[in-house]
Structure formats: C-alpha cells, structure tokens
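Model the full structure from these sequences, guided by the hints.
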Amino acid sequence: MTQYAIVTDVNRCVGCLACVNACKTVNDVPPGSFWTKTIRVGPHPKEGGSGQFPDVEMYFFTLHCQHCESPQCVSVCPTGASYKREDGTVQIDKERCIGCQFCVMACPYNVRYLNEEKKVVEKCTLCEQKIAQGELPQCVAQCGGRARYFGDLDQGIDNFEGPAPLNVACTDDTGKTKINDVSYEANLHSRAKLKDVVKPYASSDVYHLPDVGNGPSVAYILRDKKWHGGV
Amino acid sequence: MEIQWQLIVFTLLICLGSGTFAITGLLAALGKGEEIRLPALAVSLVSMLIGGIASLFHVQHWERMFNGFGHLTSGITQEIIGLALVVVAIAVYFVVSRKGAAPRWAGWMAMAVSLLMIVAMAHSYIMPSRPLWDNVLLYVYYLANFVMFGGLAVILLYGIKGKDSPFACKITLVGGALQLVAAIGYAVLIPSLANKFSIVDFYFDPNNPTKEMMDPNAIFSGFLSGEGLLLFWGGALALGVVIPLVLAFLAQKKSGTTLIGFAGVGAVSALVGGVAFRVVLYVLGFSLFVFY
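If you read the protein sequences in the order shown, they are chains A and B.
Mapping the first sequence onto the working numbering, position 51 (from 1) lands on 51, and the numbers just tick up by one.
Each number in the working numbering comes from the position in the second sequence (counting from 1) with 231 added on.
Hints are supplied without guarantee of correctness; some may be wrong.
[To be verified] Straight-line alpha carbon distances no greater than 27 Å define the calculated DSSO-like cross-link-like pairs of lysine-lysine that follow:
# : chain 1 : residue 1 : chain 2 : residue 2
1 : A       : Lys195    : A       : Lys130
2 : A       : Lys46     : A       : Lys24
3 : B       : Lys427    : A       : Lys119
4 : A       : Lys37     : B       : Lys427
5 : A       : Lys46     : B       : Lys427
6 : B       : Lys442    : A       : Lys226
7 : B       : Lys330    : B       : Lys263
[Claimed, not checked] Label pairs and their calculated CB-CB ranges:
#  : chain 1 : residue 1 : chain 2 : residue 2 : range
8  : B       : Glu233    : A       : Ala132    : 29 to 39 Å
9  : B       : Ala449    : A       : Val56     : 20 to 30 Å
10 : B       : Val412    : A       : Asp93     : 19 to 29 Å
11 : A       : Pro31     : B       : Leu460    : 32 to 42 Å
12 : A       : Asp87     : B       : Ala273    : 50 to 60 Å
[Said to hold, decoys possible] Examples of chain B residues lying across from chain A (beta carbon under 10 Å, computed):
#  : residue
13 : Ser305
14 : Ser355
15 : Asp365
16 : Ile430
17 : Tyr434
18 : Pro437
Read the hints as simulated data drawn from the structure, not as lab findings.
For every residue, glycine included, the Cβ atom is placed at its ideal position computed from N, Cα and C.
As structure tokens, this is what we get:
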C-alpha cells in the first residue's frame with residue numbers, strides 16, 4: 001500500500017515561507033487562510049546551557065494536513081466528501097462537501113477551514129493535481145532550504161525526493177544524470193533522494209505531530225535540538 | 232473555536248424535545264400522564280423539528296444533503312437517524328394513543344428512541360482532537376439536560392392543566408442532581424486539561440505576526456476564575472443547575488398557576504444555563520495542536 005507524505009528536515013528549514021507562498025499561489029488559497037504554515041519554535045534555552053544568549057536554539061517547522069493513516073476527518077464526514085485515496089492522501093471532494101465543518105472540528109491539528117466563498121472545507125491536498133503527473137508538491141518544489149521531500153512512506157524516508165541542490169548529482173525525469181545545471185527547467189525536473197542531500201540522522205531524530213489515534217504520516221527530522229510540540 | 236450558535240440551538244432543543252417525549256413515555260409506562268399526553272407530544276415534535284432546522288443552518292450546502300449522505304461513522308448521520316426515529320416514534324405514539332391512554336410498550340419505545348438520540352448526539356461531539364469534548368462527562372451532561380429539560384416541560388404542562396405533579400418534580404430532581412454531578416465534574420476537569428495540549432513554549436507565527444501566543448496552561452487554569460466566572464459558575468451552574476433544582480424541589484407541593492411560575496422560571500433558567508454551558512464548550516474547544 002502506498003502512503004504519500006512529506007518529510008521536512010527541520011535543521012535545513014530557514015523559515016523563508018517560500019512553501020507557504022508557493023502553496024497559496026498554486027492552490028488559490030484565499031487571503032487569511034493557509035494550506036501550509038511555517039511556525040518558528042523558540043528561541044529556547046539549550047539544555048545544559050547558561051540559559052542566556054548564545055546558549056539558545058530555535059527552529060522552523062511547517063504545518064499542514066498530516067494525511068493521517070486513520071483520519072478522523074474522514075470518519076466524521078457524513079457524505080464521504082472527505083476520503084482517503086489509494087495513495088494514502090486525504091482528499092476532499094468539493095462537489096460532495098456540505099460544509100458541515102465536523103471535519104474541521106475532528107482534525108487535531110486545526111488545518112482545515114471553511115472557504116467562505118465556496119462554502120466548502122479545504123486543506124492541503126499534497127498538490128494531488130501535480131503528483132498525479134509525477135511532479136512534486138509545490139511546497140517541496142520551491143522549498144528555499146531544500147528541506148522538504150516527498151515520497152511514499154512504505155519506501156522509507158531515505159527514498160523521499162526533492163529538487164536536487166546544485167552540488168548534488170541527480171537524475172532528471174528522463175533518467176539522465178546531471179550536475180550543476182542551473183537552468184530553471186533543469187532544476188524543476190531534477191530529483192535527488194533525501195539520503196543523498198541531508199545530513200545523517202538517527203531514527204530518534206524523526207518526529208511526528210501528536211497522535212491521538214489518527215496516525216499522522218508527515219514526518220520531521222530534527223537533530224541536536226529539543227523537539228517541542230509533543231503531548 | 233468560534234461559537235456555533237446553530238449547533239447550540241440544535242443540542243438544546245434535542246435535549247428538550249427528546250426529554251419531554253421520554254418522560255411522557257415513562258409516565259405512560261407507569262400508567263400515568265394521560266392529561267398531558269397531547270401537549271407533551273406537541274412540545275416534543277416542535278422542539279425536535281426546530282432543532283433539526285437549526286442544524287441545517289450550520290450546513291453550508293444543505294441542498295447536497297442527499298448527495299451521498301449516510302456515512303454511518305459520521306456523528307451527523309447518526310444524529311439524523313436518531314432524529315428521524317424520534318419523530319417517527321412520536322407519530323406512532325400519537326396514533327396508538329389517539330383513542331385513550333398510550334399503551335405501555337409505546338412508553339418504553341419513547342424512552343428507548345429518545346435515549347438513543349441523546350447518546351448519538353453526545354457521541355458525535357466526542358472527538359480526540361478536542362480535549363474538552365473528549366470526555367465521558369459530555370454524555371452525562373447531555374443525559375442530565377435531557378432528563379431535567381423534559382421534567383421541567385412536563386411539570387409546566389401539568390401546571391397549565393391546573394394539576395400538580397410531584398412525580399415529574401422528582402424526575403427533574405434526578406436530572407438536576409445528575410446535572411450537578413456533570414457541572415462539578417467539568418469544574419474539576421477544565422483546570423486539569425492544559426496538559427492535554429501540545430506545548431511548544433515560545434513560538435511565533437510569521438503568517439499571523441500580531442496574533443498573541445496561545446497558552447493552554449493559562450487559558451485552562453485561569454478560566455474558572457476569570458472569563459468563566461460568569462459563564463460557567465453564573466450560567467452553567469447557577470442558572471443551569473441550582474435554580475431549576477431548587478424550583479423543582481419547591482414545586483413538589485405546588486399546583487396550577489404557582490406550578491406554572493415555578494416550572495416556567497426553572498425551564499427558562501435551565502435553558503439559559505444550557506446555552507452558557509454550550510458556549511463554554513466552544514470557547515474552550517481548542518484542538519490539541521493550537522498553533523495553526
């Protein structure tokens with residue numbers, strides 16, 4: 001079974017908000033609403049430090065639909081408008097949505113909202129229109145820090161893919177190996193695997209948002225810093 | 232989260248309608264209540280229908296209700312099935328009792344479907360995503376509402392008929408006592424909920440830079456002595472429980488106009504208290520991850 005998800009290397013995220021803007025542009029997200037957000041956590045005192053600057057640490061992380069394994073939003077939907085696709089993503093059939101907003105209430109992460117104009121609920125789709133064509137979700141494609149990677153959890157996080165940084169050998173979608181091609185087109189179609197780009201990490205460095213039986217699929221890698229946000 | 236007034240009206244009137252129907256049924260099962268049968272059925276039916284219509288206003292595309300509606304794991308589907316069952320049961324009850332006293336089986340049927348409705352309604356709000364809602368106390372609270380609202384409505388109807396009803400007063404006292412237990416339970420639960428939320432200590436949302444940080448610890452530990460002073464203690468507890476309970480106790484030896492006054496004031500007080508409690512449910516109904 002496939003379970004598409006996004007993994008963010010939080011140590012690489014610079015909080016540039018490129019993912020937020022890219023998402024809003026591509027998905028026509030209304031002003032004031034977001035399908036993905038970047039949150040700065042900290043600065044907090046480092047453990048064992050003086051408690052004063054410079055012994056502090058902070059990180060940015062991106063928050064969006066977690067495309068859960070057992071999504072509560074799907075269970076509470078009366079019409080089946082919220083559903084889980086075979087690729088593991090949680091989607092909304094807007095033609096079937098009655099706008100009752102019980103899915104908004106059932107989401108532990110508050111990432112759903114009512115589109116006041118269309119009167120239906122919306123949220124991150126993992127850019128289903130793009131991934132269906134073999135492209136990357138826009139937030140992954142335009143990540144300024146090359147921190148975000150997209151893939152199938154069943155294939156392992158190491159095999160998640162993102163656009164290749166210029167100093168990393170990659171293959172384009174014709175299978176050709178390239179390096180240092182700075183053109184926009186080459187960059188857009190380049191692919192590099194997470195394991196070839198990010199610094200080594202341990203399984204204990206991989207975090208998820210709090211799980212209340214929903215099984216969030218999206219993962220975050222954070223090394224050498226304290227992860228905040230568990231229950 | 233934002234206060235969902237349509238759902239507040241829905242849950243309030245469903246408690247009133249199904250509670251009145253259930254207590255009418257209880258009286259029938261005990262061979263009583265013939266005097267108030269028809270007006271009680273009318274109160275039940277009207278409450279259920281207005282409640283149902285109120286919930287439609289919460290739905291943005293009600294015209295799509297039948298567009299695949301019926302996902303059985305959904306609380307809304309379960310509520311609609313419950314509502315339909317109660318309305319059908321009211322009709323059946325009316326038909327089988329139109330020539331005299333209602334048969335006892337009809338009384339048991341009224342109690343069973345009404346109880347089912349209330350359990351389904353409470354169940355639809357039990358969500359792990361909302362720590363305040365995700366508690367067995369919600370079942371207790373709605374069941375208490377159901378018994379107390381129904382009891383007060385039946386006392387009022389007896390008063391209008393110029394009679395007394397110590398039995399309905401006793402039922403109301405049972406509902407009130409249950410309501411008191413639920414309210415005390417929430418008074419203990421609310422301050423203890425902070426640790427159910429994700430805490431990231433210091434954070435900043437660059438997408439919403441002027442929004443203050445959420446601090447569940449401060450919100451929940453300070454609610455009952457701050458913002459909730461009037462809403463919870465004054466509304467949900469004093470108006471919602473204490474006043475109706477005292478009035479139902481005093482009404483045991485009253486009849487006629489005095490009984491109407493006691494039950495009427497008690498019912499209005501209980502309804503206002505019920506609204507106050509439901510507002511608390513939304514004011515503190517944060518999702519466990521509060522940073523989005």
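Straight-line Cα separation of Lys46/A and Lys24/A no greater than 27 Å?
34 Å, violated
27 Å limit on alpha-carbon distance, applied to hinted pair Lys427/B and Lys119/A:
Given that 27 Å is the threshold and the Cα spacing comes to 31 Å, the pair is violated.
Per-residue hint verdict: Ser305/B, partner chain A, C-beta under 10 Å:
Ser305/B check passes; min Cβ-Cβ to chain A is 4 Å, inside 10 Å.
Given the proposed pairing of Lys46/A with Lys427/B, does the C-alpha separation stay at or below 27 Å?
Within the cut-off at roughly 25 Å; holds.
Is the interface hint satisfied for Ile430/B? The criterion is a beta-carbon contact with chain A at less than 10 Å.
Holds - the Cβ of Ile430/B comes within 10 Å of chain A, reaching about 7 Å at its closest.
Pro437/B as an interface hint toward chain A, with CB separation required under 10 Å:
6 Å, holds
Are Asp365/B and chain A close enough, Cβ to Cβ, to be under 10 Å, as the hint says?
8 Å, holds
Could you grab the alpha-carbon distance between Lys442/B and Lys226/A and see if it respects the 27 Å cut-off?
25 Å, holds
Straight-line Cα separation of Lys330/B and Lys263/B no greater than 27 Å?
15 Å, holds
Distance restraint between Lys195/A and Lys130/A, which requires alpha-carbon spacing of 27 Å or less:
Holds - the C-alpha atoms of Lys130/A and Lys195/A are around 23 Å apart, at most 27 Å.
For the hint on Tyr434/B, just tell me whether its beta-carbon gets within less than 10 Å of chain A.
Holds, about 5 Å.
Val412/B versus Asp93/A beta-carbon gap, inside 19 to 29 Å or not:
Given about 43 Å between the Cβ atoms, the range is violated.
Comparing the model with each numbered hint stated earlier shows that hints 2, 3, 10 do not hold.
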